[in-house]
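Same order as they appear, the protein sequences are chains A and B. Using my numbering, the letters of the first sequence map in sequence onto residues 1 to 451. Using my numbering, the letters of the second sequence map in sequence onto residues 1 to 280.
Derived from the structure by calculation, the hints contain no laboratory data. Please note that a few of the clues may not be correct.
[As the list claims (entries may be wrong)] Only part of the chain B face toward chain A is listed, based on derived beta-carbon distances under 7 Å:
hint : residue
1    : Glu-154
2    : Ala-174
3    : Leu-177
[To be verified] Label-pair distances were calculated between CB atoms; the ranges are:
hint : chain 1 : residue 1 : chain 2 : residue 2 : range
4    : A       : Arg-214   : B       : Thr-255   : 45 to 53 Å
5    : A       : Glu-430   : B       : His-261   : 34 to 42 Å
6    : B       : Gln-27    : A       : Ala-83    : 56 to 64 Å
7    : A       : Asp-397   : B       : Arg-155   : 38 to 46 Å
[To be verified] Beyond 10 Å from chain B on every Cβ pair, some chain A residues (computed):
hint : residue
8    : Ile-12
9    : Ile-26
10   : Lys-52
11   : Ala-63
12   : Arg-82
13   : Asp-102
14   : Pro-103
15   : Arg-140
16   : Ala-155
17   : Gly-164
18   : Ala-187
19   : Gln-329
20   : Arg-352
21   : Glu-390
These numbers were taken from a predicted model, which means no experiment stands behind them. Idealized CB from N, CA, C, for every residue including glycine.
One-letter residues, chain by chain:
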Amino acid sequence: MTDSGTSLSPQIRILPGGDQRLLAEIGVVDPNSLDSYRKAGGYAGLRRAVEKLGPEATIDEVAAAGLRGRGGGGYPTADKWRAARAASGDSKVVVANLIGADPTALGDRALAEGNPHLLLEGLLVAAFATGASDAIIAVRRDWTVAIERLRAAIAEAEAAHLAGYLVLGTDFSCVVRVWEGAVALVAGEETALLAALAGDRGMPVIRPPYPTERGLGGAPTTVQNGETLAHAAWIASHGAKKFRAIGSKEAPGTKLVTVYGRVAQPGLVEVALGTPLSEIVALAGGGTGTTKAVFVGGPGGGALSADQLDTRYDYEPLHAAGAGIGLGQVLVADTDTCMVDSARFFLDYSAREACGKAVPCRIGTKRLVETLDRILAASPRPNDLLLLRELSRKMTDTALCHLEARAPGPMLTTLDRFPDEYRAHAERGECLAGACKGSRVAPLLAPLAGL
Amino acid sequence: MTIPGLGILKGLRQTARNYWAPKVTNQYPESRPTMPDRWRGRLDLIYDPFGEHKCEVCFQCAQVCPVEAIDMSGFDSSGNRIRYGLPEIYDERKDPNAYRRAGLPAMPMRNAARWDEEIDTPWLRGVIDGFGGKPEALVAIFSAVEERYGYLPERALREASERMSIHWAQIFGAAGLGGFRLLPADGHLVTICTCAACRFAGGDALLTALRADLGIEPGETTADGTITLETSDEVAAGALSPALRIDTLVYGPLTVEQGRHVVGERRKAPVRARSGQPVA
């Protein structure tokens, strides 16, 4: 491994502004040094939880802070921890999900590279609260810098009795290890991640039983997104009240958001939940050209039109608008972007990344792409627009995992908000954005890499 | 209102009725029971008198399976290797079948010369044992093999399957879904990122330009064998978009001109030796 110094990978660009809480310490704290992290107040949260609060009070603290999962689901973290704590099992496991399922989302990678001890502290707090004796940090295998720094952080923390056996001289023990995971969209789904951890195909399994009851090797397992754990560490050291200081009432705190697409300065920002979308776009230097739509939530999200930019970036308002938080992706599209083609892109992406376990997903995404191809080629069948909606509804109804349930989102929302573009393509073969030239040459599905 | 024991009595009534009913033996095949329309009997592969599978990998069962749940690999009766694939990419597997029905030999794998590449078995065993042969280390083992060979040779996967006592299907599935290369790439591997960030930053233009320049489609190798072009969603270029990756290095953000230049320069550089030798 190369000595990477203290800088982040060039893939990560952190933009100034916003409400920096987790990002504030990146670049200030030396990611390779435990002392530096401790000087900045690190491991105070773990110390407070282990020595003062105890597991129940720690969960209560997280509940009081109103922390919700930052991986897109928005499930209250405290409820998950309570369920895992209440589950019976000889050993329990906590898994930090840093698989970064959508490669465009930069938040987890920035945290793992810029402040690995923060993630580790959050993981240990979660392990302490749920009573877990094993903790696994699952990282994408191509994030070599992150893996290297996390491993070093674990070794340092163990030497300082902050992780491993008998943490801080108490009887709480938690062995942490880094697991290098696969590179695939579905690998970020929690049950797929657990399957891959067991050496099986990374495919989701049906729930219930939830992993908090029976997860890795049958043990109650808490799977948390990396960012959620970082927030949990922050709550443990600063308290619930301070955490609630910013953010909305239903979802306090901040969220790491990656802004990209047609903006002046794409990159990673941290904003309080409830910030209007227009402000988030402005943090990235504003849109280049006239903004037409904003795709929020990546391939599982949806498109909001330009006049909806005052929508608050929060779980419920976005959900009501047909989008979602996802892993914090905000993609800005300008008037030169064809919405039908964009919808096709996201669906094609979902089709290529489909694990193939659930038939409605494997075949449904493909049929949706084919239908959009017919519309783009101006040769639709009479009921194609109806078919898009019907098929999407069935996929959502029969979904095995959330990736499948939300895969039609970008298509459905663009269909609702930009029906003219669909109609112009279908009836006249005309692209209102002027982006699609001639007939499509791209094959329906490019062969998977290496096959 | 429910009376306790009524359900048991109801059940026992059926038992009693069957007990005293006359016993009948149906004279199959003279008289046949009516079965559901789609009843196909018990599904099994049949064997010849020497104990060999009679399945010749004709893919017919895979083609009629309504939920497309069947896939296979192996040699057909004339010794052609049938390409294997994940059940997920079912469109692809129809290709050999289409060939077969046209009376043509089944399509060979893209790089027929290297599909059975010899591997350094003691080294691989060492790697596997180094991880204690735990199934959770599969991805790490695959990574080590890919680092050395540039892809996962089938023999390495077979060896891993044997050594770790894990089903071949499980090993192969984990490799396929884990984003590993299953076929070797000749020359420099140019991967163009097709993630959302790269695409909306103009990654399409990069792909179009390179396709025209090199005269190949994604998945193909140039005639002189110096460049293999492919696309992937997983370059994870982030702020570097639009980006492309050559072998292991990510370049970005690139204009079309810069992309052409970078590929042209790398094309001249020697390809690192992959097969059989450890990479320094």
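Do the hints match the structure? See the list:
| no. | hint | in the structure |
| --- | --- | --- |
| 1 | Glu-154 | 12 Å, violated |
| 2 | Ala-174 | 5 Å, holds |
| 3 | Leu-177 | 5 Å, holds |
| 4 | A:Arg-214 / B:Thr-255: 45 to 53 Å | 52 Å, holds |
| 5 | A:Glu-430 / B:His-261: 34 to 42 Å | 36 Å, holds |
| 6 | B:Gln-27 / A:Ala-83: 56 to 64 Å | 60 Å, holds |
| 7 | A:Asp-397 / B:Arg-155: 38 to 46 Å | 44 Å, holds |
| 8 | Ile-12 | 6 Å, violated |
| 9 | Ile-26 | 14 Å, holds |
| 10 | Lys-52 | 35 Å, holds |
| 11 | Ala-63 | 32 Å, holds |
| 12 | Arg-82 | 27 Å, holds |
| 13 | Asp-102 | 8 Å, violated |
| 14 | Pro-103 | 4 Å, violated |
| 15 | Arg-140 | 7 Å, violated |
| 16 | Ala-155 | 18 Å, holds |
| 17 | Gly-164 | 19 Å, holds |
| 18 | Ala-187 | 8 Å, violated |
| 19 | Gln-329 | 7 Å, violated |
| 20 | Arg-352 | 7 Å, violated |
| 21 | Glu-390 | 20 Å, holds |
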